[in-house]
Amino acid sequence: MTEPFPAPAPAGEMLRVSGLHAFYGESHVLHGVDLAVAAGEVVTLLGRNGSGRTTTLKAILGLTGRRSGSVVVNGRETVRMPTHRIVHLGVGYCPEERGIFSRLTAEENLTLLPEVRSGGMPLERIYEMFPNLWERRRSPGSRLSGGEQQMLALARILRTGARLLLLDEITEGLAPVIVQALGRAVRALKDHGFTLVLVEQNFRFVAPLADRHLLVERGRVVGEVARAELDSRMESLQRFLGV
Amino acid sequence: MTQALFGQLFLGLINGSFYALLSLGLAVIFGLLDVVNFAHGAQYMMGAFAAWMALTYLGIPYGWALLLAPLAVGLVGMVVERTLLRRLQGLDPLYGLLLTFGLTLIAEGLFHHAYGNSGFAYPVPGWLRGGVNLGFMFLPLYRAWAVGLSLAVCLACWFVIERTKLGAYLRAGTENPRLLQAFGVNVPLMFTLTYGFGAALAAFAGVVAAPVYQVTPLMGSSVIMVVFAVVVIGGMGSIGGAIVTGLGVGLLEGLTRFWYPPASSVVVFVVMALVLLVRPAGLFGRER
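So the sequence lines, in the order shown, correspond to chains A and B.
Reminder that position 121 of the first sequence reads as 121 in this note's numbering, one-by-one numbering, no gaps.
Reminder that position 264 of the second sequence reads as 264 in this note's numbering, one-by-one numbering, no gaps.
It should be emphasised that the hints constitute simulated quantities derived from the structure, not laboratory data.
Please note: incorrect hints may appear among the correct ones.
Quick list of the computed label-pair ranges, beta carbon to beta carbon [stated by the list, open to error]: (1) A:E172 - B:W259: 53 to 61 Å; (2) A:G146 - B:P93: 26 to 34 Å; (3) A:G119 - B:K165: 28 to 36 Å; (4) B:L277 - A:G119: 55 to 63 Å; (5) A:P140 - B:P93: 47 to 55 Å; (6) B:R279 - A:G146: 46 to 54 Å.
To list a few chain A residues with every Cβ distance to chain B over 12 Å, as calculated [as the list claims (entries may be wrong)]: (7) V37; (8) E217; (9) S236.
C-beta atoms are modelled at their ideal positions from N, C-alpha and C, and glycine is treated no differently.
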C-alpha cells in the first residue's frame, strides 16, 4: 500500500485535562479527571462499566451538560468553547454507538464531516483501506452491518485531518476477523503519529497497542500502568477491572 | 356538473399547494429544532402583509415582493430563534409551542391594531391577469401560476434536502444534532438558518396567496390548523410526506366541497383522527 497518511506531527502535548468535572443534568458524573496525552501517544481508559470513561471522552468535546475544570487541546483552553470549535482544533470522535446517520448513504456519511485540519486522508485512500465501504457507498447507513458501520465511523474521521482521535469501544460486538482488521488500522494510525485515546472493554485488543493505560474509577483517573509494567501488574489490573 | 367538479378540484389544488409549502417548512423546523412552530401562520400572514405594504407604500411590485418579503420575514425569524427560541433548547417542546403561540398573538394583535380586521385585496399583477378556457373549466392564469410556482418551490426544496450535501447536513442534524456538532459542524448556526428558512418559506406562501385571498391579520390562523393536521397526517419531520399530504388534503377538501360542502372544513380532521388511530407516526413518518 502506498503512503496513506501525512508525516507524523511534531512531538508535544496534544491533550491535557485537569480537574475536569462534568454533569448530566443534576447528576455529577466526573469528579476531577486529570490526564495528559503526548502527541503520537496511544492511551487507553480502563475501568468498569459506569466508571466514567465514555463520559470523559464526551466531556473533552463538551458533549456532557455543564463541565468545569480545564481541557487543553493542542495548546488551547477549550472548557468554554462550543463543541464544534473544539473539534476544529483537530479532534476526531468515534462514539460508542458508532453514530452512523441512517438517512444518509455510506458515502454521504463519509464526506459529511468538515475538514478540521489540512492533510486528511483522501477519499480514494479511504476506499483503498476499506474496500467494503466502496462497495456499499450508495447504501443508506441503516443497511450497513455492524462491522461496516464501525469501519465507516473510523474512516470518516480520518478524512477530516484530525490528529487526536477519541475512540469509544470500537471493537464492541464485532466478529474477531473485523476486530483484527481494526487492530491493523489502529496500529497503522499509531505508526503514522496519530494521537489516540481509546475506551476499550477488550483488553487483549488494546494491550499490544497502547503506550499507557489509565485506570478510571468513580469519575476520576486513579492510576496508570505503562506498557513496560503490564506483565508485573497484570494481577492487580485484572482485579481492578473485575475480570 | 363537471365544470363545478373541476372548479372545486382546482381550488383544492391551490389550497393544497399552500398547505404543502407551509407544512414543508413546519416539518423542516420540527425535524431539526424540535420546535412546533405555532408562529408559522403568523409568518405566512406577515409575508402577505409585507408584499401588500411594499406595494402600497413603496410601489414595489409583486415580482420583487416574492423575493423581498420572504427575506424580511426570514430575518425576523432568525432574530426570534437567536434571542428567544434558543433559550428553550433542551426543554420540553411544549415550551417552544407556547412561545411561538404567544408570538403569533402578538403579531396578529399588532397587525389588527394597525390595519383592522377587514383586510385588503392584493391586485393580481398585470402579466398574470386573465385566464384560459380549457373547455371543461375556466383556468385563471394567476391561480395556475400559484400552483405551478408553489409546486416548483416544493420540489426544489425536496431535491436540495434529499439529494445535496447541504441537505445531508439537515438530514444528519435531524437525526442527531449533538453528534453532528461533535464532528465540527456549527449546529447552532444551522438552527438559526433553518428556522429563518422555514419562516421565509411561510412568507413566500403568503405572498403567493395574497392575490388569491384577502390579506388580513387572521389569514394565518385559519390556515395553520389545517396545516398542523397535514403535518400530523404526513408524519412529523418527513419532507416528501409533508408535500404529498398537503396536496392530497387540498384535493380532498375540494372533492368534499363538491359532494357535501358542509363537511369540507372538518374532513381533514376526520382523516387525521383515522390516521392517528391506524398509524400514529403518520403516513410517511418513522417512529422516533
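Against the earlier hints, flag every one the structure doesn't satisfy and list their numbers going up.
-> As far as the earlier hints go, 3, 5, 6 are violated by this structure, in ascending order.
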